[in-house]
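Start from the sequences, fold in the hints, and give me the full structure.
Going line by line, the protein sequences match chains A and B.
According to our numbering, the first sequence holds residues 51 to 567 in order.
According to our numbering, the second sequence holds residues 2 to 594 in order.
Heads up, some of the hints might be wrong.
Claimed, not checked - Below, a list of computed lysine-lysine pairs in the DSS-like style, where the Cα atoms sit at most 30 Å apart: (1) K209(B) / K239(A); (2) K318(B) / K209(B); (3) K227(B) / K93(A); (4) K176(A) / K227(B); (5) K180(A) / K320(B).
These are computed hints drawn from the structure, not numbers from a lab.
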Amino acid sequence: MAEEKLRMKTQVPESQKPRPKKASEFPIVEKLNWLIHLHYIRKDYEACKAVIKEQLQETQGLCEYAIYVQALIFRLEGNIQESLELFQTCAVLSPQCADNLKQVARSLFLLGKHKAATEVYNEAAKLNQKDWEICHNLGVCYTYLKQFNKAQDQLHSALQLNKHDLTYIMLGKIHLLEGDLDKAIEIYKKAVEFSPENTDLLTTLGLLYLQLGVYQKAFEHLGNALTYDPANYKAILAAGSMMQTHGDFDVALTKYRVVACAIPESPPLWNNIGMCFFGKKKYVAAISCLKRANYLAPFDWKILYNLGLVHLTMQQYASAFHFLSAAINFQPKMGELYMLLAVALTNLEDTENAKRAYAEAVRLDKCNPLVNLNYAVLLYNQGEKKGALAQYQEMEKKVNFLKDKSPLEFDFEMVEMAQKLGAALQVGEALVWTKPVKDPKSKHRTNSASKSAALQQPLGSNQALGQAMSSAAAYRKLPSGAIGAQFTKPPSLPLEPEPEPTVEASPTEASEQKKGK
Amino acid sequence: MAATSSSDSDSGRAESNEANSKWLDAHYDPMANIHTFSSCLALADLHGDGEYKLVVGDLGPGGQQPRLKVLKGPTVLTESPLPALPASAVTFLMEQHEPRTPALALASGPCVYVYKNLRPYFKFSLPQLPPNPLEQDLWNQAKEDRIDPLTLKEMLEGIREKAEVPLSVQSLRFLQLEMSEMEAFVNQHKAKVIKRQTVITTMTTLKKNLADEDAVSCLVLGTENKELLVLDPEAFTILAKMSLPSVPVFLEVSGQFDVEFRLTAACRNGSIYILRRDSKHPKYCIDLSAQPVGLVRVHKILVVGSTQESLHGFTHKGKKLWTVQMPAAILTMNLLEQRSRGLQAVMAALANGEVRIYRDKALLNVIHAPDAVTSLCFGRYGREDNTLIMTTRGGGLIIKILKRTAVFVEGTGETGPPLAQTTKLNVPRKTRLYVDQTLREREAGTAMHRTFQTDLYLLRLRAARAYVQALESSLSPMSTTAREPLKLHAVVQGLGPTFKLTLHLQNTSTARPAVGLQVCFLYNEALYALPRAFFKVPLLVPGLSYPLETFVESLSSKGISDVIKVLVLREGQSAPLLSAHINMPVSEGMAAA
Numbered sequence: 051m052a053e054e055k056l057r058m059k060t061q062v063p064e065s066q067k068p069r070p071k072k073a074s075e076f077p078i079v080e081k082l083n084w085l086i087h088l089h090y091i092r093k094d095y096e097a098c099k100a101v102i103k104e105q106l107q108e109t110q111g112l113c114e115y116a117i118y119v120q121a122l123i124f125r126l127e128g129n130i131q132e133s134l135e136l137f138q139t140c141a142v143l144s145p146q147c148a149d150n151l152k153q154v155a156r157s158l159f160l161l162g163k164h165k166a167a168t169e170v171y172n173e174a175a176k177l178n179q180k181d182w183e184i185c186h187n188l189g190v191c192y193t194y195l196k197q198f199n200k201a202q203d204q205l206h207s208a209l210q211l212n213k214h215d216l217t218y219i220m221l222g223k224i225h226l227l228e229g230d231l232d233k234a235i236e237i238y239k240k241a242v243e244f245s246p247e248n249t250d251l252l253t254t255l256g257l258l259y260l261q262l263g264v265y266q267k268a269f270e271h272l273g274n275a276l277t278y279d280p281a282n283y284k285a286i287l288a289a290g291s292m293m294q295t296h297g298d299f300d301v302a303l304t305k306y307r308v309v310a311c312a313i314p315e316s317p318p319l320w321n322n323i324g325m326c327f328f329g330k331k332k333y334v335a336a337i338s339c340l341k342r343a344n345y346l347a348p349f350d351w352k353i354l355y356n357l358g359l360v361h362l363t364m365q366q367y368a369s370a371f372h373f374l375s376a377a378i379n380f381q382p383k384m385g386e387l388y389m390l391l392a393v394a395l396t397n398l399e400d401t402e403n404a405k406r407a408y409a410e411a412v413r414l415d416k417c418n419p420l421v422n423l424n425y426a427v428l429l430y431n432q433g434e435k436k437g438a439l440a441q442y443q444e445m446e447k448k449v450n451f452l453k454d455k456s457p458l459e460f461d462f463e464m465v466e467m468a469q470k471l472g473a474a475l476q477v478g479e480a481l482v483w484t485k486p487v488k489d490p491k492s493k494h495r496t497n498s499a500s501k502s503a504a505l506q507q508p509l510g511s512n513q514a515l516g517q518a519m520s521s522a523a524a525y526r527k528l529p530s531g532a533i534g535a536q537f538t539k540p541p542s543l544p545l546e547p548e549p550e551p552t553v554e555a556s557p558t559e560a561s562e563q564k565k566g567k
Numbered sequence: 002m003a004a005t006s007s008s009d010s011d012s013g014r015a016e017s018n019e020a021n022s023k024w025l026d027a028h029y030d031p032m033a034n035i036h037t038f039s040s041c042l043a044l045a046d047l048h049g050d051g052e053y054k055l056v057v058g059d060l061g062p063g064g065q066q067p068r069l070k071v072l073k074g075p076t077v078l079t080e081s082p083l084p085a086l087p088a089s090a091v092t093f094l095m096e097q098h099e100p101r102t103p104a105l106a107l108a109s110g111p112c113v114y115v116y117k118n119l120r121p122y123f124k125f126s127l128p129q130l131p132p133n134p135l136e137q138d139l140w141n142q143a144k145e146d147r148i149d150p151l152t153l154k155e156m157l158e159g160i161r162e163k164a165e166v167p168l169s170v171q172s173l174r175f176l177q178l179e180m181s182e183m184e185a186f187v188n189q190h191k192a193k194v195i196k197r198q199t200v201i202t203t204m205t206t207l208k209k210n211l212a213d214e215d216a217v218s219c220l221v222l223g224t225e226n227k228e229l230l231v232l233d234p235e236a237f238t239i240l241a242k243m244s245l246p247s248v249p250v251f252l253e254v255s256g257q258f259d260v261e262f263r264l265t266a267a268c269r270n271g272s273i274y275i276l277r278r279d280s281k282h283p284k285y286c287i288d289l290s291a292q293p294v295g296l297v298r299v300h301k302i303l304v305v306g307s308t309q310e311s312l313h314g315f316t317h318k319g320k321k322l323w324t325v326q327m328p329a330a331i332l333t334m335n336l337l338e339q340r341s342r343g344l345q346a347v348m349a350a351l352a353n354g355e356v357r358i359y360r361d362k363a364l365l366n367v368i369h370a371p372d373a374v375t376s377l378c379f380g381r382y383g384r385e386d387n388t389l390i391m392t393t394r395g396g397g398l399i400i401k402i403l404k405r406t407a408v409f410v411e412g413t414g415e416t417g418p419p420l421a422q423t424t425k426l427n428v429p430r431k432t433r434l435y436v437d438q439t440l441r442e443r444e445a446g447t448a449m450h451r452t453f454q455t456d457l458y459l460l461r462l463r464a465a466r467a468y469v470q471a472l473e474s475s476l477s478p479m480s481t482t483a484r485e486p487l488k489l490h491a492v493v494q495g496l497g498p499t500f501k502l503t504l505h506l507q508n509t510s511t512a513r514p515a516v517g518l519q520v521c522f523l524y525n526e527a528l529y530a531l532p533r534a535f536f537k538v539p540l541l542v543p544g545l546s547y548p549l550e551t552f553v554e555s556l557s558s559k560g561i562s563d564v565i566k567v568l569v570l571r572e573g574q575s576a577p578l579l580s581a582h583i584n585m586p587v588s589e590g591m592a593a594a
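Given below as structure tokens:
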């Protein structure tokens, strides 16, 4: 009532002409739009709803903006269906407005009806040609519909209209979905140029470089991300894993403390912490951290792999067997896993199954000479010289291949073992790695004859294992080719930091040596 | 989460305890009953006596009783009711004459009310918008009764579908009516002139021709029909009119009207438009991809708060400079200007009750208010130069005075490692048991492995046998035989001694109804009593779930329970089609006996 009177008062002066008594003045429909909007943007939805209700009552549902905001609030509250209906009402009230169509499309998109959403967006695009949002959202819809070409077109035109981090991220994602790392990197580079302080973009770019094995650039970008936001846990995890690769376990551990505060239930975090402890030879702590990681992500084969590895180191072969076989169940296509399983089986005196596991490992693995070396050692110990020789030659092939690809150093213990075996099989002289480890080689050649006798004993002496592990972990002279391979294996999206393969990669190599002993 | 932890540490550094706080608590009244926005707060020397007053365009609790309040110190000096909710309140100098007391302008609905010496002085109304000529024509025809209501409706609908100029309220109302009401409506309203009126959404001031502190200023209005108007301060005529692509929400101006000026408007479509003197249309556009909640200009930088809990800095040409994340949603923003030290900073009130003060990206100070601050302004109040006025969500009023010795310095520890880095990792300790077991495994690993493998094989064998047996004797609650594919599940309700047992029987075949089925209960008669232990099942239509209810009376009072077996049988067959074991709950009530 009071409202009514007041309004009358305000309106009198501007319409001075006499009018029929009964024809009451209509209130201005948009009278309180500004108030609705102010309440809406400060997220005071209760007050907002009260004003909307009042306004709709007064205008008998004609106030389009009130309905529009009501629909927005419904959508925020999760009532997408109701909001969709209200947006459609809005679209009826003013059919020329692209905004309403955009919101209808957005609701459809949220309901997962991407096809319908694209249709409505296209409709809206007819009304408003130059709208960044329409182009971007169309791109997102096409991405979900797996029409990547169309999606790229739309996103590129969105970028031409207006540059936004979101659009860059989406484009990058599409390239990654298509498996085109280089193009994705190009996009992220441009994005970082556009907004150099966006830590998400920096982290993603760093992770992509990491995946490609361009460590220098990866570290640079991750470092930048950490400068702007020292608590960015994705960047910390990735940078930490790189530190681990270089043996800086203490630094990495300090950094992980920040992450442990931010996301205490992250499986990759505890996996990496566990492997840090492993590198520092604190095996018990390593096992408890890895077990926590496994508890948090029971289906992650990488954690199981690391657990298997640590248990092998601890000579708990029965436990190692369980973790490794669980890992194989989740990841049946990785040669190294079968090899580790074979190592465990050998130590559990189940040679038959060990051989089968090796056979599978050799079948699956393409570039890791350790698989063949370990197999050869087992065969040799079993007295199957012929088979051992075949594996030995296979290993040489792989070594040559790796050396052709990149000049790298092989792990000292692996080389030593190979030489011992080569001598035992009487092919030692033709060995391929003359350069990298000169000293040990010359030393061995002198007394190779005497060694061969020793080699007739079973090779895998458990006592030496722990030392082998630790030394390897500290040396970190891994064939970098092998690391690269590790990286490409997990199909990790850039936004999920999965630095754990880095961590695994090194100890993997390490573990194999003990077989050689 | 990471952001929160880091910001906590920031605030820990920037905020200071009572003793070395930069602020004096001058006044706090939680029951001041002021509900308003930052745009409706203004500080001015209204009487020309050197004593600055606070003008509040108060919306009243729940936006019901709009009032104009003038405060002097902690007390309300005058209070007068307003005709409608105020959208904005500003003070400005209208003319050169002495005494130079500023006038007060209140924007509300389609009008600006101007007060001098706190007395109503002038009312400016926005000009009517031109109506749609076609619509006008139609109503004229209706006036002369040359058109019947039904045709009128059709024609108007046609206009609504495609016309550039929207319809008037009268026509929109008419379109909503039922057939029966149209005639009366037309008769009642046909004589009236069609009007389209818009309202003011925001208002600010722009210096006319001098940059001085006390120079004459024009009013700049933003309207609901996406226009910006500049008014002459003396004659209240429209000096300039500019159009925007969306409805303006916040305005920020710089320069002088007669020389060169820049208008920045944050709009409802989430964009910010920058206009210059000569441009009728926006020159630059900033797309925020979120709604702006505040717009403040600090020197040449535009600081925008967005609903994504962040502050962004832009150049006056719309290039993004920086972004700062906030720990909570921003409610309102305003400018802090400490003239004596030449400091300009942005104040942002957050939903968690903090008021943060930033110079560019650097956090200068954090004030913890007892309630979420919904409006704030900073300036000369009373005779004190640097006063901060805040009102809270609950209607409270807080007045703080900046100490004259206070100097804002940027947080020094910004670059240091986050606090979390010093906390120790929570790594579980090893137990004696664990060590023992590890040792045992090392000694007898092979034997353990073999035993385990043997047991595993045995387990698998047993499981397979049990499965085969269950299949053979139809012990499962699912039957997949070609003739009667059935599904059964049972629900027990009640606390006892009487339970209600509901069997849901469903025929899962695609087309064939199941007939001639029977249900039989097997149970311990010493413990339970059922009215019927055996009954026929009606015809089962495919796909539907049939609830079959029966009561079970628990006879024992010793608190023991048992299993009731349900068998579904086919007439004339002794082997059940399927069966279910129902574990009855313990009866919590005493047996009736």
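So, going through the hints one by one against the coordinates:
| no. | hint | verdict |
| --- | --- | --- |
| 1 | K209(B) / K239(A) | violated (47 Å) |
| 2 | K318(B) / K209(B) | holds (23 Å) |
| 3 | K227(B) / K93(A) | holds (24 Å) |
| 4 | K176(A) / K227(B) | holds (22 Å) |
| 5 | K180(A) / K320(B) | holds (19 Å) |
This entry does not satisfy hint 1, going by the numbered hints stated previously; all others are met.
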